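Let's have the full structure, built from the sequences with the hints guiding it.
What follows is each chain in one-letter form.
Protein chains: 2
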Amino acid sequence: MELLKERILLDGIKIGTEIVKVDSFLNHQIDTKLLEQIAVEFKRRFQHLQVDKILTIEASGIAIACITSLCFSNAPVIFARKVASATMTDAYYGAQVRSFTKKTCSVVKVSKRFINKGDRILIIDDFLAHGEAASGLCEIVEQAGASVAGIGIVIEKRFQGGGARIREKGYLLHSLAVIEKITDGEIIFA
Amino acid sequence: MELLKERILLDGIKIGTEIVKVDSFLNHQIDTKLLEQIAVEFKRRFQHLQVDKILTIEASGIAIACITSLCFSNAPVIFARKVASATMTDAYYGAQVRSFTKKTCSVVKVSKRFINKGDRILIIDDFLAHGEAASGLCEIVEQAGASVAGIGIVIEKRFQGGGARIREKGYLLHSLAVIEKITDGEIIFA
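Sequence lines, in order, name chains B and Z.
Each residue of the first sequence is one higher than the one before, starting from 1 at the first, in this note's numbering.
Each residue of the second sequence is one higher than the one before, starting from 1 at the first, in this note's numbering.
Treat the hints as calculated values from the structure; they're not laboratory data.
All of these numbers come straight from a predicted model, not from anything done at the bench.
Hints may contain errors.
Okay, derived cross-link-like pairs now, EDC-like style, lysine to aspartate or glutamate, Cα gap no bigger than 20 Å in a straight line [claimed, not checked]:
1) B:Lys-181 / B:Asp-31
2) B:Lys-43 / B:Asp-31
3) B:Lys-112 / Z:Asp-11
4) Z:Lys-112 / B:Asp-31
5) B:Lys-103 / B:Glu-58
6) Z:Lys-14 / B:Asp-52
7) Z:Lys-33 / B:Asp-52
8) Z:Lys-109 / B:Glu-58
9) Z:Lys-103 / B:Glu-58
Here's what the structure looks like:
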């Protein structure tokens with residue numbers, strides 16, 4: 001998606017050779033006009049699939065998943081929780097996920113009431129690095145007896161290997177911008 | 001907002017006399033069709049105001065703020081972070097906030113790059129109980145030399161007093177559903 005790559009080059013901030021910070025438009029301040037275009041692109045790529053629900057993970061995934069839902073006939077969005085709230089009193093599906101940027105390990109949780117056997121689930125997230133979050137979400141979908149229709153990622157950092165591992169498992173994964181390499185001088189797309 | 005109150009009565013789950021769980025449509029599974037109607041209602045109530053940016057707090061506020069942004073000419077959404085990520089390396093405004101449902105206390109943070117002096121900010125959140133989150137967000141706006149255009153809340157629990165405290169300070173606060181009391185048998189709206 002050219003517009004997204006241009007935006008990453010314009011406003012992305014490199015931190016070392018592993019992180020590109022996109023907090024001015026994607027995951028702290030959010031440009032909802034860009035998200036509308038991202039949603040249209042996800043729709044174009046996944047329109048041939050049946051999508052009953054959209055699953056993401058808090059916090060940054062929520063914005064993208066909700067605007068994407070508007071292009072998928074308002075399919076319900078479910079976000080996996082990293083921290084259980086006092087109102088999360090019922091049974092849940094859980095998967096262990098390590099966060100690359102936060103250097104934490106947590107069990108992400110989805111209430112059993114919201115994913116049903118046979119549901120076709122589109123997984124949406126902002127970043128794919130080592131693939132921990134996406135794999136955890138796939139695990140949750142399968143625990144529920146549902147199936148992963150596809151995985152839509154805004155920015156994949158290919159050099160961290162998560163995308164390859166997920167594609168090897170047979171999942172349909174589309175990333176709208178794939179970063180091959182981050183060097184001192186530049187961000188190189190695949 | 002009648003549609004919202006009906007939905008709370010239909011799908012809200014009471015936990016004791018202080019909590020109503022709306023995780024099937026607002027803050028775990030999200031009904032984006034309802035959010036579109038909530039956004040239209042916020043627009044109706046705040047349309048006379050200049051709104052440069054929309055400020056919310058992770059996680060549940062993000063969905064509401066983003067869909068609301070679509071009714072405010074795609075005003076940028078900023079969400080305050082409860083947990084700093086590895087990419088949050090620059091200076092930030094911070095305010096201490098106690099979470100009623102999670103029983104935690106944390107400093108919520110917004111990067112100084114995203115709120116500018118003079119900005120007119122609309123604050124959006126899912127719940128107003130004791131008013132801790134909303135007050136913290138107001139504090140952040142004022143630290144930045146910006147001003148609070150208004151505060152839009154989906155569900156206010158009036159009996160917990162946060163709304164009164166915030167209105168006393170002179171802020172324009174609109175809540176789309178105001179709960180007067182939760183009893184064993186029912187949810188009573190104001």
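Do the hints match the structure? See the list:
Our distance criterion of 20 Å between C-alpha atoms is broken by B:Lys-181 and B:Asp-31, whose separation comes to about 25 Å. Taking the CA atoms of B:Lys-43 and B:Asp-31, the gap is about 19 Å. The hint holds against a cut of 20 Å. Note on B:Lys-112 and Z:Asp-11: the hinted pairing holds, with a Cα-Cα distance of about 16 Å set against a maximum of 20 Å. Only pairs whose Cα atoms come within 20 Å are accepted, and Z:Lys-112 paired with B:Asp-31 is accepted, the gap being roughly 17 Å.
Restraint check for B:Lys-103 and B:Glu-58: satisfied, since their Cα atoms lie roughly 16 Å apart, inside the 20 Å limit. Straight-line distance between C-alpha atoms of Z:Lys-14 and B:Asp-52 comes to about 28 Å, which puts the hinted pair past the 20 Å bound. Restraint check for Z:Lys-33 and B:Asp-52: the C-alpha separation of about 14 Å stays at or below 20 Å, so the hint holds. Using a Cα cut-off of 20 Å, the hinted pair Z:Lys-109 and B:Glu-58 holds, with the two alpha carbons roughly 16 Å apart.
Restraint check for Z:Lys-103 and B:Glu-58: the C-alpha separation of about 19 Å stays at or below 20 Å, so the hint holds.
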